[in-house]
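S.K.: Chain A is already provided as a structure; the job is to place chain B on it using the hints.
Here is how the chains run, residue by residue.
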Amino acid sequence: MSFSRQTTCLATPSSLAVLLAFLDEASREAGLVGEVAFAVRLAGEEACTNVINHAYHGQEPGPISLQLRCEPGQVHLVVEDRAPLFPPEDAPLPDLSSDWENRREGGLGWHLIRQVMDEVRHEPLAGGGNRLELVKRLAAN
Amino acid sequence: MEIQVEYREAATVVRIVGNVDGLTAETLLAELQARVGEGHVRLVGDLSEVEYTSSAGLRALLSVLRDARRGGGDLRLAAVHPPVLKILELSGFTTILKLYDDVDGAVASFAN
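Going line by line, the protein sequences match chains A and B.
Residue 141 in this note's numbering sits at position 141 of the first sequence; the count goes up by one each step and never skips.
Residue 109 in this note's numbering sits at position 109 of the second sequence; the count goes up by one each step and never skips.
If we strip away everything but chain A, and leave its shape as in the complex, we get:
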């Protein structure tokens, strides 16, 4: 299995619909189903939302690039931006245990990405920016 699709747009709230449609279509074309399709949609949405809402904070929005690539036994989701460096470990830890009145909401997106994907790799892009590569391994039949 070899498959690759990519799209690039401006990281603004109005681009989320385009990015989610890309994810759905590319996932369908790649033949992803069930838990893998769910994980790719969720991790993709959370990663894109983080870039749109936070990455270019305080400056003009820049590009976001999203790639879905399938290799034998695994699916790769790559998200790139040209924003200031932000390693995932700098994200706030999620609050999973406070009661309903005191529950904090930050960090849930990153938490879900780590839970549904098998690997989270981050590296700086040459010339500035972030490259986030999320890997989902396919269960052997």
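To be clear, the hints were calculated from the coordinates, so they are not data collected in a lab.
Cβ coordinates follow ideal geometry from the N, Cα and C atoms, glycine included.
Here are the simulated DMTMM-like pairs of lysine to aspartate or glutamate, each with C-alpha atoms no more than 20 Å apart in a straight line: (1) 136(A) to 80(A); (2) 86(B) to 119(A); (3) 86(B) to 102(B); (4) 136(A) to 24(A); (5) 98(B) to 74(B); (6) 86(B) to 118(A); (7) 98(B) to 99(A); (8) 136(A) to 29(A); (9) 86(B) to 49(B); (10) 86(B) to 51(B); (11) 86(B) to 95(A); (12) 98(B) to 67(B); (13) 98(B) to 101(A); (14) 86(B) to 35(A); (15) 98(B) to 49(B); (16) 86(B) to 101(B); (17) 86(B) to 105(A); (18) 98(B) to 95(A); (19) 136(A) to 123(A); (20) 136(A) to 71(A); (21) 98(B) to 105(A).
Anything over 10 Å on all C-beta distances counts as not near chain B; from chain A, calculated: (22) 7; (23) 22; (24) 57; (25) 67; (26) 71; (27) 80; (28) 88; (29) 121; (30) 126; (31) 135; (32) 137; (33) 139.
M.R.: This is chain B only, laid out in the frame that chain A set:
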């Protein structure tokens, strides 16, 4: 996503049809908050037609849960599909939300 509201004696049932994500969570939040604002604080979220939620949906549910409970009511979920249940569990939401197998059971829980 579509939202259908049914007013029953013991609770107001909000049937959600479709994905709850960054594109639709604001609409869901506004709809549920409107019901709470009208005094319908006993809410049942019928999730039988929801196959996907992201953290955006969870934030909307938490916000409405708080509003409903502060008003003396609650938001309870019914007929949650396994993938959505998994997200609720991973996010620690099953410890603060009451879940029921079906809508009738969730509605009946308010009458008890």
